[in-house]
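Chemist: Read off the chains here:
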Amino acid sequence: MRNLLKLFVLAIVATGFILPSCTKDNFDMDRLSGDVSYEGSFAIPLAYSNIAFYQVLNVMDTSIALQDNDEGYLSMFYHSYVESKRVQELLNLGPQHYEKTISLSDMQSRGVYAGSQLSYVTEEIISFKLMNENTENGEAEIDSLALNSGTLEYTIQSTFGLASKLVVEFPSITKSGRPLKDSIALYSTDSYDSRTLSLEGYTIDLTTTPRHFNEIPVKIKAVLDCGSSVPTPGVFSITLDIHDFNYKGMYGYFGYNELLFQSDTIDITMFKNNPKYDWEHASFYFKKPRLTVTYWNSYGVPSMFYFTALDAYMYSTDETWNINQIIKPNFPLGEANPASITHATIPGTEAEGMITVDSTNSYLDQVIPNRPTWIHFSAKAATNPGNNHSIRNFIDENSRLRSKIEVEIPLYGHLYNFTYRDTADIDISSYVGNLPVKRMAILLNIKNNMPVKANAQFYFVDENYTVLDSLIKNPNTMVLEAASVDAYGHLINNDPINTPTKVELTREQIESLASSKHLLIKITTSTADDASGGKDVKLFREYGVKVNVGLDVDLDVNANVSGN
Amino acid sequence: MIMKKNVLIFVSVLLLLPVFLNAQQANTLYYMDRVFQSQTVNISEIPKNRIQVGGLIVPLFGQLPPAFYFNYGNNSFNYNHILHFGEGEKKDSLVLDLPLLMKKAKRNTCIRGEFRIDYFNLSIRTKKNAVITVNLSDRFMYGTTIPKSLFDFALNGNRDYMLEGKSHDISRLSFGATAFHELGIGFTSEIREKFSVGGRMKLLFGMLDMSTKIGSLELSTDPDMYFITASADMQIRKSTSLFDYDGEGFSFEDISTLTNDLAAFGNVGLAFDLGASYKITDKLAVSLSVTDLGFINWLQNSQVASAKGEYTFEGIELGFLPNDEGKLSYGIDTARYNAGHIMDTLVDLFDMDIRDKSYMTMLPSNIFVGATYQLLPKLGFGFLYRGEIYKKTYNQAITLSVNSNITHWLSLHGSWSLINNTALNFGAGLSARLGFITWFIVTDDVVGLIFPQKAKTINMRMGCTLTFGHEKKVSKTATRL
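The listed protein sequences derive, respectively, from chains A and B.
The numbers in the working numbering rise by one with no breaks, and the one at position 409 of the first sequence is 461.
The numbers in the working numbering rise by one with no breaks, and the one at position 168 of the second sequence is 375.
Bound-form chain A, shown alone (with noise of 0.2 angstroms):
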């Protein structure tokens, strides 16, 4: 019993010491070959994606502006946007100066005394002087400015050589219903002073006088103190300067003024010259297109737009049309035929509108299947055009007109045989050597719910761009149904059309992929029921594909997958 004790401990002991070399080894991850030995079949979903038309042509070019147009579907939007000067710089009130002399008989022939101080006193009249100096047709007549600010300064020299005091009085500019009143008394020392005071905050009615505008009565008082001697000589000189005009609105009739005056090109990038785009090959139809300048104008006064000069370059016979060869007879084209423009009728606040080129006035429906790549206008627009003195408005310190020159291209039409290339560059050599599959399928499967179809192609070509192998086998195949539309180019049936692809690759075809250098795209889209001439139909936003991409495949890995 106890040699078999003895051999039981001796075999634990010895187990201790031997073991833990044996089995080491294997949970040495730095032996680890590497080498797979593996099959197996998998169909698997490998990608889904919503795609909506509409982003797919905000990729392609991001100048576009898609919106919902007033109809509901899409249109592509190419802008340029004009904009009006700065009220206080159209309408600038300038400095505006009165001075006034008055002489001893001056005072003694209206003056009156009173004990030893001889008063006179004389209402005067200052007329402001405008202003807007781009005014053609006469003066603004002005009734009334709120001032954020402004200074007015004045002053009184005196050869008397006697204590006196000039008070000047301005009654219709008043701040909380008192009017502005101030004075400056000088000692018999003195033969000058001044005062500046400012005119933040203040009103100034300017029809109080017969006139009725653009004056500003002052009621000026000069006392001089002669104690019990006749007083000699002498005169006093007054100035008056009111300057640094801030204002905060205006009230009047404002004249003609030049609100803009401005040129601008609109790129239409979609015609621009891109090799991604084949348009030579194609044909295609945008009913409704449209210019349009939509303005807001924060003035308060009539005014008018319109256009001076509008070309466009065609690109398809790569020449301009002028003005001449796009307008109709309604254009508003010139100041003799101009388009009024709608104005503010409460300070602060803007009023909204929009003048429409369209095929009524223009030829701009004829122009678009020219694909022109520009469009340049010349555009003035201008208050009072009427010169209606009787109409009496406001501006207000941020008036300004805004304006945005559109060119509106609605989704609505027909396409045919448009050829979209891009070329990816793919090196996929270093994949496919080591790609552990004896056969593989890929599934596409589109679901599409827009009235457009496509077939698509894409070829492996090496450096030289030589072909070597191409996607898909039957060129003519559709990856894209286009869903039918009726007489409105409204969908007939909202159930998407199925479109399933498949492709086949062997283990062979895979392989010589491995020289593959690009991967050459070419995808040819129409509308639904194409052909020149074809059914016009509507792109709404909701309109887009579901794709989905599945791979089957047989994997036979038999490899050193440890990359060394």
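Mixed in with the good hints, there may be bad ones.
[Unchecked claim] What follows is a set of in silico ranges between Cβ atoms, one per label pair, in the way DEER data are often shown:
1. A/Asn610 / B/Leu267: 55 to 65 angstroms
2. B/Leu528 / A/Asp521: 27 to 37 angstroms
3. B/Met567 / A/Glu91: 37 to 47 angstroms
4. A/Met81 / B/Ile398: 50 to 60 angstroms
5. B/Leu528 / A/Ile544: 44 to 54 angstroms
6. A/Leu572 / B/Pro306: 37 to 47 angstroms
7. A/Ala117 / B/Leu528: 13 to 23 angstroms
8. B/Leu267 / A/Met81: 32 to 42 angstroms
In case anyone wonders, no lab produced these hints; they're calculated from the structure.
Since we're looking at a predicted model, the values are computed, not measured.
Backbone N, C-alpha and C define an ideal beta-carbon position, used for all residues, glycine too.
Take the given structure of chain A and dock chain B to it, following the hints.
Modeler: Just chain B now, with coordinates in the frame of chain A:
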């Protein structure tokens, strides 16, 4: 390096992750009658000594060696069924052998494990052979069941099933990881001559739990679109502060928050061990034991995610997304598919209803049926049948043992077991008493400890107890009464 890392992760997931594994798989221990820890598998066992004290909190002796138990079991494959040395030029290299793994996978691969630390054990036997036992332990249990159908889906692929119009039934898939404190109070009594019964009530305090409850789960592939549809009736449950779902997505806390879980006492459970032993003749005895018959009700930080219905995976979603410049570009919403959001994506995919609610888990329960035959005064033989019930699966094992209390201070035990579908399990046990100190070590598979790469079963229990009032002469081995 990436390849090695990936393989290591793959093997770990299949094998090494369940280091803390399974319900009591202590077949050799069952007949170690001088080790009062055998009461953990048969409560009707009456210890030989009057008083025994053990556990980590016993100064010095409690740590020499520490009283612990671990078990790992896999009924399908071992490490070398996944990675093994190749042939010819590859004889010194490890080869990843997926076909062998597939070949070895059983209808249901059951991976189980447990790690147990005993902080305190006490056994007091009266003169009338009535025994009171107290134990305080922490237990970490893990179990996962992987249907072969899932291996088939992952390794062989789904194409054949798709063409045949069949689905992959993985309803038996399960996962569970549980940790809890256990306070047990047991009583064993010789109620009649040659017949003893025992019972232990165990108050359980759950620390953390992550588990599944799958009624049905099938994967089918649409032959037209290759969509993979899961027909599911399942729950995924958790009770831990480690992560949480707030209705928007998952938030993960630092691993240090696990200390909050370890100190949790709000998840209360109850379990029982029951046993009976009967000595038919002087040489022949039989016993029956049931362990871990109980449950834990999880209340703290508990959430239940439910999915019932059909859920279709169409692939990764691609779409137009605004780039840094605000322009649209086509691609994958990487934020949605990165590792941090993968759980959110799964929740979305299965349209899971996640609620803060309590739930109950059952412990993996064992039934032992044993018989011993005392051939010689110092030599006896034992037979043991063990069955384990855990989440729709029932695992069985048979053990034959030879047991000898060879001297008054030393006993030796050897066993052969059919466990986890392999017959190459040779166990050994030893207990030695030096004065008032009893030291023991036991395993059901010595080979598994030596060659873990070839083992489907790896377990070991050891400990040191203070023993008082031991028997003065050598007892017959394994006759129980």
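Chemist: Take the hints in turn and mark each one as holding or not.
Modeler: Tested hints:
1. Taking 55 to 65 angstroms as the suggested C-beta distance range, the pair A/Asn610 and B/Leu267 conforms, at roughly 59 angstroms.
2. Roughly 32 angstroms separates the CB atoms of B/Leu528 and A/Asp521, a value that falls within the hinted 27 to 37 angstroms.
3. Between B/Met567 and A/Glu91, the C-beta spacing of about 44 angstroms keeps the proposed range 37 to 47 angstroms intact.
4. Distance hint for A/Met81 and B/Ile398: a CB-CB separation of about 57 angstroms, consistent with the stated range 50 to 60 angstroms.
5. Separated by about 33 angstroms at the C-beta atoms, B/Leu528 and A/Ile544 break the suggested range of 44 to 54 angstroms.
6. For A/Leu572 and B/Pro306, the Cβ-Cβ distance of about 41 angstroms falls inside the hinted range of 37 to 47 angstroms, so the restraint holds.
7. Distance hint for A/Ala117 and B/Leu528: a CB-CB separation of about 20 angstroms, consistent with the stated range 13 to 23 angstroms.
8. Here the CB-CB span from B/Leu267 to A/Met81 is close to 40 angstroms, well matched to the stated 32 to 42 angstroms.
In the structure shown, a violation is registered for the earlier hint numbered 5 alone.
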